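Please model the entire structure based on the sequences and the hints provided.
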Amino acid sequence: KAGVTQTPRYLIKTRGQQVTLSCSPISGHRSVSWYQQTPGQGLQFLFEYFSETQRNKGNFPGRFSGRQFSNSRSEMNVSTLELGDSALYLCASSLLSGSGELFFGEGSRLTVL
Amino acid sequence: DAKTTQPTSMDCAEGRAANLPCNHSTISGNEYVYWYRQIHSQGPQYIIHGLKNNETNEMASLIITEDRKSSTLILPHATLRDTAVYYCIVRPDYGGATNKLIFGTGTLLAVQP
Chain A
1 KAGVTQTPRY LIKTRGQQVT LSCSPISGHR SVSWYQQTPG QGLQFLFEYF SETQRNKGNF
61 PGRFSGRQFS NSRSEMNVST LELGDSALYL CASSLLSGSG ELFFGEGSRL TVL
Chain B
114 DAKTTQPTSM DCAEGRAANL PCNHSTISGN EYVYWYRQIH SQGPQYIIHG LKNNETNEMA
174 SLIITEDRKS STLILPHATL RDTAVYYCIV RPDYGGATNK LIFGTGTLLA VQP
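Protein sequences, first through last, are from chains A and B.
Per my numbering, residue 1 is the first one in the first sequence, and the count goes up by one each step.
Per my numbering, residue 114 is the first one in the second sequence, and the count goes up by one each step.
Simulated from the structure, these hints should not be mistaken for laboratory data.
Possibly wrong hints are sitting among the right ones.
[As the list claims (entries may be wrong)] Covered by chain A, per the in silico footprint, the following chain B stretches (three or more residues, Cβ under 8 Å):
1) 157-170
2) 178-188
[What the hints assert, rightly or not] Label pairs and their calculated CB-CB ranges:
3) 40/A with 170/B: 29 to 35 Å
4) 167/B with 99/A: 19 to 25 Å
5) 106/A with 165/B: 30 to 36 Å
6) 170/B with 69/A: 30 to 36 Å
7) 185/B with 58/A: 25 to 31 Å
The model shown is predicted, which means the values in this text are computed figures rather than measured ones.
Built from N, CA and C at the ideal position, the CB exists for glycine as well.
Spelled out as structure tokens, the structure:
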């Protein structure tokens, strides 16, 4: 079956702009999590959604937001982009919340100039 | 969440077993040990997890010491495609509340031909 699909794979933005990233989970998976990966901070948890509700949120400013739709697809948005937001944004899906066994997509690489 | 300590890097000859250690001396009774790996430019991949007993699947074996303060991930016959960063994660049983994972810096395993 198809894996986790993230779009776009690469994008370039300038400071102050906003960006929306999309994630389609594995069919039947209801939990979607987002992670940010940078060389300096490594992999950091952003937030998790399950059945359209945010279950958990990491330590990121309010400029980072997300949502999940009824078909389990998820989007994350970053507003007022800063240079430090340049990162690989990874989405992961899971059948249920709580299993710890996540299936990751290949990520969206964001460059902020 | 309990903290883990892993070597920064390791080498392994192709075809030999790769043994990746992880120290988690502050692990609590309800915390599981998870292993993920991340091949360059890809999202992390779940490998295996366990609580007390040793576990084996088609990818690897997980050996947890009796006092649970350390564990070893074993790749029985390493191939060049196993070159990746391996993350050892200690995760509480959240009772289904969340899929949150806290990644450390991991071990870069380089499989040599």
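Evaluation of the provided hints:
no. : hint                         : in the structure
1   : 157-170                      : holds (count 4)
2   : 178-188                      : violated (count 0)
3   : 40/A with 170/B: 29 to 35 Å  : holds (33 Å)
4   : 167/B with 99/A: 19 to 25 Å  : holds (20 Å)
5   : 106/A with 165/B: 30 to 36 Å : holds (34 Å)
6   : 170/B with 69/A: 30 to 36 Å  : holds (33 Å)
7   : 185/B with 58/A: 25 to 31 Å  : holds (29 Å)
Violation of the numbered hints given earlier is confined to hint 2; every other hint is satisfied by the structure.
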